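Asker: Listed here are the chains, written in short residue letters.
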Amino acid sequence: MNHSGLTRDQLLDVYYHLRLTRSLEERIGILYRQGKIFGGVYLSTGQEAVSVGAAYALGPGDIIVPSHRDMGAHLLRGIQPREILAQYLGRLGGLSRGRDGNVHYGDIQRGDVAFISPMADGIPVATGVALALKRQGKGRVAMTWFGDGASSRGDFHEGINLAAVLRVPVVFVCNNNQYAYSTPLSRQTRVPDIAARAGGYGIAGTIAEGNDVLAVYEAAKEAVERARRGEGPSLIECKTMRMRGHSEHDDASYVPRQLLEEWRAKDPIQGFEARLREWRILDESEEARITKRMAEELEAAVAWAEASPFPEGKDVEQGVYST
Amino acid sequence: MPEITYIEAIRQALWEEMERDERVFLVGEDIGVYGGAFKITLGFLEKFGEDRVIDTPIAESAIVGSAVGAALMGLRPVVEMQFSDFIACAFDQIVNMAAKFHYRMGNSVPLVIRGPSGGGVHGGPFHSQNPEGWFVHVPGLKVVAPSSPYDAKGLLKAAIRDPDPVIYFEHKYLYRRIKGKVPDEDFTVPIGKAEVKREGADLSVITYGAMVHQAFEAANRLSAKGIEVEILDLRTLLPLDREAILGTARKTGKVVIVHEATRTGGVGGEVAAIIAEGAFDRLDGPILRVTAPDTPVPFTAPLEEAFLPNADKIVAAAQRLAAY
Ligand SMILES: Cc1ncc(C[n+]2csc(CCOP(=O)(O)OP(=O)(O)O)c2C)c(N)n1
Ligand SMILES: [Mg+2]
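So the sequence lines, in the order shown, correspond to chains U and Y. Counting from 1, position 265 in the first sequence corresponds to residue 265 in the numbering used here; the numbering is continuous, with no gaps. Counting from 1, position 162 in the second sequence corresponds to residue 162 in the numbering used here; the numbering is continuous, with no gaps.
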């Protein structure tokens, strides 16, 4: 059994990470509505395949620079749900030890460079990560994600152009979910395809069906291999849809309902699930096993995070500098 | 006089200036259809149309740069930063293009950049900053930070009518938390003028923005202990009102400077220097500062609480100083 070059176990692993992403984010949404989480809650519901599919193409030595809807990529780098929950809850067990919140986390040790708010700031950083990896000469690559909105910022242009000129091993993944907060793509750019910009930088550009996790995986795999061969950066645009508000406080009433209905029918998890069943990789009992495993893991993770202590006010000045 | 919220005062100033002057237009992210992240410009698109309420891509540098161009052509752009933290993405256009134009070429750049700043809402390091210190070091800019609905409205009107680039920092903690009387008639609050918000003979607290309210709470508590505090609200941070600063320092001889922004390189240091230069012989004790420590704004409640200056910290400093 072989689909997109992935074994049965790998396909189930992809499925598990899609499911885990959604369940963990649903759990975070609940904690938010319970008033336990403060600040912004940005979910990737309905576009999980962009993060999971692309990150699945990476090897253990590769480095990610994710954006705010990349829970899946974090999980694939080995970031634990309990650490993410503690991060949201502002506890010491969170990846920023309470200093930063929600999606602003990562762990360099696990090859995950923490996100910051200003859109597209991570793009030049990914170029720099790739510069360092290139010098090592071990074929390691960097991968970074950003939204359609982020692609309007100067740092997008500067970061990708520099990567192209230096021919560093980096893969730029655009999650084109049609909206940037309330701004539709048509008000973001006159060009329907972000991938078309690759030509302007002299790098490879492709469009992937963002809700098809294997299509994203295949496009990413090709780009990663190109980077490993020393053939420079690529830009992959994944067409998807933001199915919830920009943040959980936003009812997204500005998004046409019909558009959401159209995309609901293309749900990346349901779609992949149907194919796994068709290929007889997933059956009822396997699915039940995964659901149970996830529920147990998340219960334990929430308990762990809620038991994690808050930092103490007296330590507020610690850690501004390395020494 | 009707009582309105701080955020409503900002909305009214924008609305009235748009009605008064055809040249005024708004530009920013999600300000049109959505009405802005804090809904300040809700209904503006319908009233003033797409030419005057411009939704842009995420491109702060281009937003400010294009606003400078439009201002040079005689229009009056008012830029909204979705959060003041993202003003950093437009830094170059502000400090190099906008700020230096008049000095170099003699041409006015009537530009306003406004946005929510400040902490206390668990916004974390990128949705809580007080970036005024970055800009008060730039000759050619004006920087204001209102504390009340009255000042918010009057200063925004003054900023829009001003011929030079004005950066207008709103405090998001105050948006819906405070109300105040604001007249129906047209009025402005002059840029460059501080205001004594509370008279007192024993000690001066010089502050601005959200900290004015903490200073009031501290003053009430200190009053119960027999210390009468004068509160000077700077309102404009560039140019500073030297006369008002020296006036209160000379009057009480004891000064505590309070700001929510971090300490080093903050406005407080400049205020202290003005006093040291101009009222040294009238001081009865050291000039003290109550500010945030030199750290990013932390996210989690216990750290943010420790980070933010508050009435307790002001009272403690005032008592220390009163003992001189
Ligand atoms: C430089 C900058 N300006 C404004 C914002 C406020 N903001 C946060 S997310 C966002 C929209 C991002 O859209 P997109 O890049 O398409 O990512 P998506 O949220 O759709 O995944 C905006 C405007 C920001 N974070 N950074
Ligand atoms: Mg988007």
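No lab work stands behind these hints, which were simulated from the structure alone. A few of these clues could be false.
[Said to hold, decoys possible] Okay, derived cross-link-like pairs now, DSBU-like style, lysine-lysine, Cα gap no bigger than 35 Å in a straight line:
#1 K39(Y) x K225(Y)
#2 K314(U) x K181(Y)
#3 K39(Y) x K100(Y)
#4 K314(U) x K292(U)
#5 K314(U) x K313(Y)
#6 K179(Y) x K36(U)
#7 K36(U) x K39(Y)
#8 K100(Y) x K314(U)
#9 K313(Y) x K36(U)
#10 K292(U) x K225(Y)
[To be verified] Listed below are several chain U residues computed to face chain Y (Cβ distance under 10 Å; list not exhaustive):
#11 G40
#12 G98
#13 H104
#14 A150
#15 G271
#16 A274
#17 R275
#18 R277
#19 R280
#20 K314
#21 G319
#22 T323
Computed from a prediction, not measured in an experiment: that's the story for all the values here. Cβ coordinates follow ideal geometry from the N, Cα and C atoms, glycine included.
Asker: For every hint, state whether the structure bears it out.
Answerer: Evaluation of the provided hints:
no.	hint	result
1	K39(Y) x K225(Y)	violated (42 Å)
2	K314(U) x K181(Y)	violated (39 Å)
3	K39(Y) x K100(Y)	holds (33 Å)
4	K314(U) x K292(U)	violated (42 Å)
5	K314(U) x K313(Y)	holds (14 Å)
6	K179(Y) x K36(U)	holds (28 Å)
7	K36(U) x K39(Y)	holds (25 Å)
8	K100(Y) x K314(U)	violated (42 Å)
9	K313(Y) x K36(U)	holds (28 Å)
10	K292(U) x K225(Y)	violated (63 Å)
11	G40	holds (8 Å)
12	G98	holds (4 Å)
13	H104	holds (7 Å)
14	A150	holds (6 Å)
15	G271	violated (30 Å)
16	A274	violated (36 Å)
17	R275	violated (35 Å)
18	R277	violated (40 Å)
19	R280	violated (45 Å)
20	K314	holds (7 Å)
21	G319	holds (8 Å)
22	T323	violated (15 Å)
Figure legend: structure checked against the earlier numbered hints; hints not met, in rising order: 1, 2, 4, 8, 10, 15, 16, 17, 18, 19, 22.
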